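Those protein sequences? They're chains P and S, same order as listed. Here our numbering is used: the first sequence runs in plain steps of one and ends on residue 580. Here our numbering is used: the second sequence runs in plain steps of one and ends on residue 376.
Treat the hints as calculated values from the structure; they're not laboratory data. On a predicted model such as this, the values are computed, not experimentally measured, just so you know. Backbone N, C-alpha and C fix where the C-beta goes; we use that ideal spot for every residue, glycine too. Incorrect hints may appear among the rest.
As the list claims (entries may be wrong) - Here are the in silico distance ranges between beta carbons for each label pair:
#1 P:Pro538 <-> S:Glu289: 39 to 49 Å
#2 S:Asp343 <-> P:Leu372: 37 to 47 Å
#3 P:Asp269 <-> S:Ala147: 21 to 31 Å
#4 S:Asp134 <-> P:Ser434: 45 to 55 Å
#5 S:Pro219 <-> P:Pro566: 34 to 44 Å
#6 P:Phe247 <-> S:Glu130: 55 to 65 Å
#7 P:Asn495 <-> S:Pro219: 14 to 24 Å
#8 P:Ser270 <-> S:Ser335: 53 to 63 Å
#9 S:Gly307 <-> P:Phe369: 55 to 65 Å
#10 S:Thr360 <-> P:Phe369: 42 to 52 Å
#11 P:Pro352 <-> S:Pro219: 50 to 60 Å
What the hints assert, rightly or not - Each computed SDA-like pair below joins lysine to any residue, with the alpha-carbon atoms no more than 20 Å apart:
#12 S:Lys220 <-> P:Phe374
#13 S:Lys64 <-> P:Pro537
#14 S:Lys220 <-> P:Lys433
#15 S:Lys144 <-> P:Gly381
#16 S:Lys78 <-> S:Pro219
#17 S:Lys64 <-> S:Ala305
#18 S:Lys144 <-> P:Pro538
#19 S:Lys323 <-> S:Thr261
#20 S:Lys220 <-> P:Gly381
#21 S:Lys144 <-> S:Ala324
#22 S:Lys330 <-> S:Val346
#23 S:Lys220 <-> P:Pro537
#24 S:Lys220 <-> P:Ile370
#25 S:Lys220 <-> P:Pro538
#26 S:Lys220 <-> P:Met366
#27 S:Lys285 <-> S:Ala305
#28 P:Lys433 <-> P:Asp445
#29 S:Lys64 <-> S:Pro219
#30 S:Lys285 <-> S:Asp303
#31 S:Lys330 <-> S:Gly307
#32 S:Lys144 <-> P:Arg387
#33 S:Lys220 <-> S:Glu200
#34 S:Lys285 <-> S:Thr141
#35 S:Lys78 <-> P:Gly535
#36 S:Lys64 <-> P:Pro538
#37 S:Lys144 <-> P:Ser389
#38 S:Lys330 <-> S:Leu311
#39 S:Lys78 <-> P:Val429
#40 S:Lys220 <-> P:Ser533
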Amino acid sequence: MTTRRLIVEPRGLASARLVVLVPVLSVLAALVLGAVFLALTGENPWTVYSKMVDAAFGDSRGISETLISATPLILTGVAAAVAFKMLVWNIGAEGQFLFGAIFAAGVGIWLGDGLPAIIALPLVILAGAVGGAFLASISAIPRVYLGTNEIITTLMLNFIALAFMNYLIFGSNSPWRDSAVSTFPQGRPLPDSGRIPEFFNRLDYGLFVAIALAVVAWVMIEKSRWGFEVRVVGDSANTARYAGIGVPRKILGVFLLSGAFAGLAGSLFVAGPVGALDPRSLDLNLGFTGIIVAALARLNPIAVVPVAVLMGALNNAGPSLQSIGVPPETVTMLQGAILVFAVAGEFFIANRVRRPDKETTVATTGEATA
Amino acid sequence: MAFKRWRAIAVLMAAFALVASACGGDDDTTTTAGGGDGGSTAAPGEVLKVAFVHVGPVADKGWSWAHDQGAQALKAQFGAGIEITTLESIPEGSDSQRVFEDLASDGNKLIFGTSFGYMDWMLAAAENFPDSVFMHATGFKTSANMGNYFGAAEEGRYLTGMAAGAATESNSIGYVAAFPIPEVIRGINAFTLGAREVNPAATVEVVWTSTWFDPPKESTATQSLLDKGADVIAMHQDSAAPGQAAETAGATWIGYNTDMTEFAPTAWLTAPIWDWAPFYIKTAQEVIDGTWTSEAFYGDMAGGMVDLAPFGPSVSDETKALIETRKGEIISGAFSIFSDPIVDQSGASRALGNIFTEEHNWFVEGVVGSPTG
Numbered sequence: 211m212t213t214r215r216l217i218v219e220p221r222g223l224a225s226a227r228l229v230v231l232v233p234v235l236s237v238l239a240a241l242v243l244g245a246v247f248l249a250l251t252g253e254n255p256w257t258v259y260s261k262m263v264d265a266a267f268g269d270s271r272g273i274s275e276t277l278i279s280a281t282p283l284i285l286t287g288v289a290a291a292v293a294f295k296m297l298v299w300n301i302g303a304e305g306q307f308l309f310g311a312i313f314a315a316g317v318g319i320w321l322g323d324g325l326p327a328i329i330a331l332p333l334v335i336l337a338g339a340v341g342g343a344f345l346a347s348i349s350a351i352p353r354v355y356l357g358t359n360e361i362i363t364t365l366m367l368n369f370i371a372l373a374f375m376n377y378l379i380f381g382s383n384s385p386w387r388d389s390a391v392s393t394f395p396q397g398r399p400l401p402d403s404g405r406i407p408e409f410f411n412r413l414d415y416g417l418f419v420a421i422a423l424a425v426v427a428w429v430m431i432e433k434s435r436w437g438f439e440v441r442v443v444g445d446s447a448n449t450a451r452y453a454g455i456g457v458p459r460k461i462l463g464v465f466l467l468s469g470a471f472a473g474l475a476g477s478l479f480v481a482g483p484v485g486a487l488d489p490r491s492l493d494l495n496l497g498f499t500g501i502i503v504a505a506l507a508r509l510n511p512i513a514v515v516p517v518a519v520l521m522g523a524l525n526n527a528g529p530s531l532q533s534i535g536v537p538p539e540t541v542t543m544l545q546g547a548i549l550v551f552a553v554a555g556e557f558f559i560a561n562r563v564r565r566p567d568k569e570t571t572v573a574t575t576g577e578a579t580a
Numbered sequence: 004m005a006f007k008r009w010r011a012i013a014v015l016m017a018a019f020a021l022v023a024s025a026c027g028g029d030d031d032t033t034t035t036a037g038g039g040d041g042g043s044t045a046a047p048g049e050v051l052k053v054a055f056v057h058v059g060p061v062a063d064k065g066w067s068w069a070h071d072q073g074a075q076a077l078k079a080q081f082g083a084g085i086e087i088t089t090l091e092s093i094p095e096g097s098d099s100q101r102v103f104e105d106l107a108s109d110g111n112k113l114i115f116g117t118s119f120g121y122m123d124w125m126l127a128a129a130e131n132f133p134d135s136v137f138m139h140a141t142g143f144k145t146s147a148n149m150g151n152y153f154g155a156a157e158e159g160r161y162l163t164g165m166a167a168g169a170a171t172e173s174n175s176i177g178y179v180a181a182f183p184i185p186e187v188i189r190g191i192n193a194f195t196l197g198a199r200e201v202n203p204a205a206t207v208e209v210v211w212t213s214t215w216f217d218p219p220k221e222s223t224a225t226q227s228l229l230d231k232g233a234d235v236i237a238m239h240q241d242s243a244a245p246g247q248a249a250e251t252a253g254a255t256w257i258g259y260n261t262d263m264t265e266f267a268p269t270a271w272l273t274a275p276i277w278d279w280a281p282f283y284i285k286t287a288q289e290v291i292d293g294t295w296t297s298e299a300f301y302g303d304m305a306g307g308m309v310d311l312a313p314f315g316p317s318v319s320d321e322t323k324a325l326i327e328t329r330k331g332e333i334i335s336g337a338f339s340i341f342s343d344p345i346v347d348q349s350g351a352s353r354a355l356g357n358i359f360t361e362e363h364n365w366f367v368e369g370v371v372g373s374p375t376g
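This is chain P alone, in the form it adopts within the complex (with noise of 0.2 Å):
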């Protein structure tokens, strides 16, 4: 009725342009929200972003260092992604994500160096699938055949994951754990057959092999057959039983894709650069800032990857803003700062927001006063 009223609409389908704009202009306006923060705080903005940018991307080792860090993010993501596009919401990735490095641990050591690594390696890293797979199961099935709700019993095994871990290295006398080292308590290192090698600095092939799993999955999610009986799944549960898709199977199917993915970002970790089952290098949190990255890429197995290199990008700055004197929260803030605006920004993707035409008394759908 008055001019300071704005119209919210639903905008049906978005075009291209928008969805690619609006998520680089959150990313950019919690960046200026950061600025602010920091100059209110006394520090120098542009020295902060600079240094930021200098260490995730200044030099050879600051740019492999990122992609260290984003490769296990581009798994988690996948895994978030491809769970939440059916709307199961499997937040157990950190977890699954153990299980993937003490199943991919578990059968470097068990192998030892007797094979080659050609088929050594592959082994190892299918492990991790299974291992996450493994932990996925023993939610994914009460979901589906009980109706039990999958959010708390993939939080809930999170911890017992953690806590498995921690046993077998820190607990027991296991195979996971280095008999050889005396005075603390760390994992047995993998052989060099199952180590995936380096080719830039501390990088290793494990993140093609992450970059082409993304793809897989959009590929089996947007272009596949199946893909689409999941999509419509996520849709209407309803309208996929009258179209004859067998629900409970595609729940389960994607809920074992999905822990299959977080437990290869496991095994690629623990083949790739930290090549044993350390527990102090694998507890990160990197199953749950999957989901932060899913949701940033909108649930897009593709946009995961450059998503997970941000992440990773931000993750490495943290200590770095350090050695200039700004404490590492600010890092952590301006990642919280970069989802709320992202996840805002989505609002805008699936809305439109403009004033009233002249003759416009009352808004059809919703509206917002501004």
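Mind docking chain S on chain P? Use the hints.
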């Protein structure tokens, strides 16, 4: 109409980003210029860049705080001749290698890592940056440009055990311990020997937490010991949570790392504490002089790295005198804590063996609990 505004915002942001990256270029040159890259050791008159990497917040008033006090003493000693960078809450593990390498590439010529889990990653960073000196606390690996350092906390443990033995009325002392590893077991054994020197009836019950720093968990573990009848609490933990739980329950408390009186003023007895300052000053001086060589340094009470915190209000003058006498004997070398042979938990006499390796996985007589966690 709406889109026009979006475009305007986009243009503004793009301009913003451009300016930011332009400034970035400028800043780069200024930061690296001061880095002094190239030289293998700091030349006289040049500012030595020193970095500290801690696993927890330096405000923990425990382990990291004690190291930070050492860093501040280092700064006070050298003033403008030294520039210190402190990184807090850096997780141990593979990620830390990047942090150490970043510091080295920023021109830090002396880099301290104050937590065990940095060891292998620091070793790898040291190999990639041979022009920087890396110093690792509590580890056991060294290389051409990486040394390690630690100290005989067991000397302080023994003396605080004496204070606990004198304080207990139930003859039951609780010990909240982090991990069943030689360092911690050595401390428990030294503590128990000290307690039973003044009170042969005293027993020490151990609970494992599997964490160095987790205040709620430390608190719960303390409560479980109090519930079982312990009236003195000792700890191998980094927070003051056990002391606060003891204070609430009316028990007394032996702290660790630093003087933590303020957290439990009534419960406080004393604590084994660290003074890293002399070692940090010595090491920096060696790097400046170019005389640094890689070694595994083990400090002690005589050298001042390990000390005893001030006594709390409930410690009697008699006990204080007893402890001070023993302290003097430890410093002079007249008294050694572990004597061979020794009576173990089962009551059998056994050879002491190496107390610094996995071989030291057994408890002395008087300890209640399992040495395997």
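Proposed proximity, Ser533 of chain P with Lys220 of chain S (alpha carbon, max 20 Å): violated (31 Å)
Satisfaction of hint between Pro537 of chain P and Lys220 of chain S, Cα-Cα up to 20 Å: violated (26 Å)
Pair hint Lys64 of chain S and Pro537 of chain P, alpha-carbon separation not exceeding 20 Å: holds (18 Å)
Lys220 of chain S paired with Phe374 of chain P [C-alpha distance capped at 20 Å]: holds (17 Å)
Lys220 of chain S paired with Pro538 of chain P [C-alpha distance capped at 20 Å]: violated (25 Å)
Pairwise hint evaluation, Ile370 of chain P against Lys220 of chain S, where the allowed Cα distance is 20 Å at most: At roughly 16 Å apart (the allowed maximum being 20 Å), Ile370 of chain P and Lys220 of chain S satisfy the hint.
Pair hint outcome, Lys78 of chain S versus Gly535 of chain P [Cα-Cα no greater than 20 Å]: With Cα atoms ~16 Å apart, Lys78 of chain S and Gly535 of chain P stay inside 20 Å; holds.
Distance restraint evaluation - Asp134 of chain S, Ser434 of chain P, Cβ atoms, bounds 45 to 55 Å: holds (54 Å)
Distance restraint between Lys78 of chain S and Pro219 of chain S, which requires alpha-carbon spacing of 20 Å or less: Distance ~34 Å between Lys78 of chain S and Pro219 of chain S Cα, so the pair is violated.
Distance restraint between Lys285 of chain S and Asp303 of chain S, which requires alpha-carbon spacing of 20 Å or less: With a Cα-Cα distance of about 15 Å, the restraint between Lys285 of chain S and Asp303 of chain S holds, given a limit of 20 Å.
Restraint status (C-alpha distance of Lys144 of chain S to Ser389 of chain P at most 20 Å): holds (16 Å)
Restraint check for Lys220 of chain S with Glu200 of chain S, where alpha carbons must lie at most 20 Å apart: Roughly 31 Å between the alpha carbons, so the hint for Lys220 of chain S and Glu200 of chain S is violated.
The structure fails to meet hints 1, 5, 6, 9, 10, 11, 14, 15, 16, 17, 18, 21, 22, 23, 25, 33, 39 and 40 from the earlier list, while all remaining hints are met.
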